Amino acid sequence: MGEYNVKGLLSNATVTVGHFGSGKTNISVNLAELCSFNSDTYLIDYDNVNPYFRAKDAEEYLKHYGVFVISSDFANTNVDIPSVSPLVFSALNAAKNGAKIIFDVGGDMTGAVSLGYLHKKLEEQRPDVLYVFNAYRPITDTPEKAFEILKEIENSCNFGVTALINNSNIGAETTASDIEETDGYAQRLSELSGIPLLFTSYMTDNAPHVKGDVLKIKNRTKILF
Amino acid sequence: MAKVLIKGNEAVAEAAIRSGCRYYFGYPITPQTEIAEYMAKKMPTVGGLCLQAESEVAAINMVYGAAASGVRVMTSSSSPGISLKSEGVSYIVGCDLPCVILNVQRGGPGLGGIQPSQSDYYQATKALGHGDMQLFVLAPSSVQEMAQLTADAFGIADKYRMPVLLLADGALGQMMEPVDFDALKFTPEPEKPWAVNGHGGKRKKNIITSLFLKPEELEANILERDKKYQTVRENEVRYENYLCDDADIIIVSFGITARISKAAVNEARKEGIKAGLLRPITLSPFPSEILNTLADKASAFLSVELNMGQMVNDVKLATECKKPVYFYGRTGGSLMSSDDVLNEIRKISGGLK
Chain A
1 MGEYNVKGLL SNATVTVGHF GSGKTNISVN LAELCSFNSD TYLIDYDNVN
51 PYFRAKDAEE YLKHYGVFVI SSDFANTNVD IPSVSPLVFS ALNAAKNGAK
101 IIFDVGGDMT GAVSLGYLHK KLEEQRPDVL YVFNAYRPIT DTPEKAFEIL
151 KEIENSCNFG VTALINNSNI GAETTASDIE ETDGYAQRLS ELSGIPLLFT
201 SYMTDNAPHV KGDVLKIKNR TKILF
Chain B
1 MAKVLIKGNE AVAEAAIRSG CRYYFGYPIT PQTEIAEYMA KKMPTVGGLC
51 LQAESEVAAI NMVYGAAASG VRVMTSSSSP GISLKSEGVS YIVGCDLPCV
101 ILNVQRGGPG LGGIQPSQSD YYQATKALGH GDMQLFVLAP SSVQEMAQLT
151 ADAFGIADKY RMPVLLLADG ALGQMMEPVD FDALKFTPEP EKPWAVNGHG
201 GKRKKNIITS LFLKPEELEA NILERDKKYQ TVRENEVRYE NYLCDDADII
251 IVSFGITARI SKAAVNEARK EGIKAGLLRP ITLSPFPSEI LNTLADKASA
301 FLSVELNMGQ MVNDVKLATE CKKPVYFYGR TGGSLMSSDD VLNEIRKISG
351 GLK
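As you go down the protein sequences, you meet chains A and B in turn.
Counting with my numbering, you get residues 1 to 225 for the letters of the first sequence.
Counting with my numbering, you get residues 1 to 353 for the letters of the second sequence.
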């Protein structure tokens, strides 16, 4: 067990997918912040499904790290329609020139479907496709159910998942042992899918004792009150 | 499943299923579509039915039919969709049928916006439908309460044979908090001898209708129902009293704004201002009695809402304007911060000196 280093990401393009509410956006924002120390970084808010909590919410915060956030022109407005910013293609070109680009994709197969639109261009980058899961979410409360959603997402976006991220938590009251209890689940999901676990995230003071790497993350979700 | 991390919308859906609801009819609208998604995934695994109707009007009429057959049934929508349901809701009231309706409010009027709002307070508490009618209205203010009040709603609906409206908002529907489903309390489903589910030649037929051919019969029916409303007012009022007993300034707020206001009350107390929060959990029946009692001791009231001032009028009626009743609100999908509320408390406090 060690602290995960984002330099381990193989491609210049990273994609986070997963069940809605699994913590994809928070993982993406944290990865973008960490990548920004090594390279030009673009975070692409590619969530065309949920208008409430999204990567764009972290735009001001990420400016301090020089991370450029790309989102639909309609993000955080009342225009409730899915759309993709043309700047996404500029980011894909930047990736060819060494920049790091991170796609924060919408939840479930519904959110992943629009990723298929970029398949041809994005496939050139052989992206790291990271499946984020939270064992404390009721729809994915067993590894088998999480695997079902994973397969639905792969079919929907036409990309294979390359690594898993265990982001299991129950919000602010999560303890290290809450996370440790999900380690067996994470191993089982890895076995079922044949996909390696990249790291287990944590926000607790003490790192959880789990197999594989861990990554300390911050809560960058929009605070309502 | 002990504690899970769950959205308010999903919490309602899970709690409904655990309450024995096996029929969900709805039509998608932001910000409550997760309910239909959750129901679509879960209902088939418990032998239930989740059906996406062709419209909100169709969905509420499916609820009407299912409720008449004696099953636990619910629908959900957000503000514009709730308006569409209003005719069906009135028929359900007219037939004295139990059901649960959830409104995850967004900005209005018209198509409005998709961000949180409490601007359907009047609609929910005064007239979600035509005729001499009332709904039972519950206002949760946390995700755990979204779950518990859903469970309670089914019990209340069956007990009084009336529709129960859960009045939430986009923030409560979308935000995620830990919920302990094992801690929920449920009301068992009673026998429903009035249901139209086939008499098999063994009993007299049941008739469920809201049509009365003679005005005197309709009047008698309404008077009978009014007795029920009276019982509800006497027995079912719920509220949270947070530091009100010695308070000078009492905030009255429900749902998400009560959460914001509670933080403001705590800050005000640190500054030496005696603030309190009276949070109605039932909006109809409204906690008038406690407010009237508090008005004898407190110096002022402040109604905090996500609208242009709706509940504030019920606070004035409840307190008989014995003390000044102020209003602070944001609307159109904007949320206030606890600092904003604190400033209002300070203004009133300054004026009181």
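If you are wondering where the hints come from, they were derived from the structure by calculation, not from laboratory data.
Among the hints, a few may not be true.
Cross-link-like lysine-lysine pairs, in silico, DSSO-like; alpha carbons within 27 angstroms at most [unchecked claim]:
(1) B:Lys42 <-> A:Lys151
(2) B:Lys297 <-> B:Lys322
(3) A:Lys211 <-> B:Lys3
(4) B:Lys297 <-> A:Lys145
(5) B:Lys3 <-> A:Lys218
(6) B:Lys159 <-> A:Lys145
Note that the coordinates shown come from a computational prediction; the quantities given were computed from them, not determined experimentally.
Now for the hints, and whether the structure bears them out:
no. : hint                  : in the structure
1   : B:Lys42 <-> A:Lys151  : 18 angstroms, holds
2   : B:Lys297 <-> B:Lys322 : 10 angstroms, holds
3   : A:Lys211 <-> B:Lys3   : 23 angstroms, holds
4   : B:Lys297 <-> A:Lys145 : 56 angstroms, violated
5   : B:Lys3 <-> A:Lys218   : 22 angstroms, holds
6   : B:Lys159 <-> A:Lys145 : 37 angstroms, violated
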